[in-house]
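Peer 1: For reference, the chains in residue letters:
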Amino acid sequence: MHFSEDDLREALKRKDPGEGFTQRTLIRVNQARVNQASAEGTAHPATKKVNGKFLTWWMQRPAWAMAVVAMLLLAFGIGGYQYSEYRHAEEMRIARAKQQQLQQEAERARDQAIMALEIARAKMNHVLQHAQLQAEPNDKIRRERL
Amino acid sequence: MEQPAAFEDDRLKMALTRSVAGDTQAFTDLVREHQGMVFSIAYHFLQDRSLAEDLAQEVFLELFQSIDRIQSPEHLTYWLRKVTSNRCIDQGRKKHRRREMALEEAPEPATASAHVDPMLLERLQQSLAVLPEKQRLVVIMRFQEGLGPAEIAEVLEMPVNTVKSTLHRSLADLRKGLTRKIREVRYAFF
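Chains as they are written, first to last, in this note's numbering: chain A, 1 to 146; chain B, 1001 to 1190.
These are computed hints drawn from the structure, not numbers from a lab.
Accuracy of the hints is not assured; some may be wrong.
[Stated by the list, open to error] Examples of chain B residues lying across from chain A (beta carbon under 7 Å, computed): (1) Arg-1032; (2) Gly-1036; (3) Phe-1039; (4) Tyr-1043; (5) Thr-1077; (6) Gln-1144; (7) Leu-1147.
Note that the structure is a prediction, hence the values are computed from the model and not measured.
From the three backbone atoms N, C-alpha and C, an ideal C-beta is built for every residue, glycine too.
All chains, full assembly: derive it from the sequences and hints.
Peer 2: As structure tokens, this is what we get:
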């Protein structure tokens, strides 16, 4: 069976929605106007209008909304991972610095101990030399008596 | 013939200006003027009178809320076609399963003029109902609204070449669908 473009035009001829359509539409419009007026009484008009449009836009595009949510989750996940990595690196750096500081203090203490021993040894040598010098004339006298 | 068209245009301009100023009667005139177009696009797309009426009312409600953005009667017609098409696609997505049932659910019988076969019109409508959404809209815009490919491309936000190829494919699908239906009828009888 063949059909012409005129047949298609005939099949798709504009249809009248019926007598009451205009009235029903206007009732709905008026109802919306009343609802809007009562809503505007509670919220700031500009904010309300913007929010309404924004929400409607997103509600009409669920795939976009899902994509944005997925992107945000991914961004938060990556951000969280990066932050935990940063925290770990920072903790490691602080621990290393503390250990290095302890090591430096230990080395300083060792050097001080070595220096104290050096001083003590020098003092002891000095005392010993004095003692030997005092002992030397007594030895000469003893040898002469013999 | 120029006089009534110019008069009509002035009348619509006036109604639009008054509607923007908040005149309900002028808005009623605009609804009356365009309700056939909006309802028919929705009806031919959805093949359901109550759904089409509901959708058309929503479109006019949106028009009421955005009337201050409409610049001219031509812009109004373009805006209504565009919003109705978008809402039809949204509605079609919500009622995705309807497409599988569309063949069984016979649409309202076509009111044919004397020289056109009413059975052919009914079958054309049934075949149209099973076309994919975009193809259906392109066919409706072409044969109900009488738009050219460039205008359809603008309303449906598609490249002109895509509109042309979609239209070509849709007509081929309609012919195929119609032939298949005739075969089904033959098998049923013989």
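Peer 1: Please list, smallest to largest, the hint numbers that this structure does not respect.
Peer 2: 5, 7
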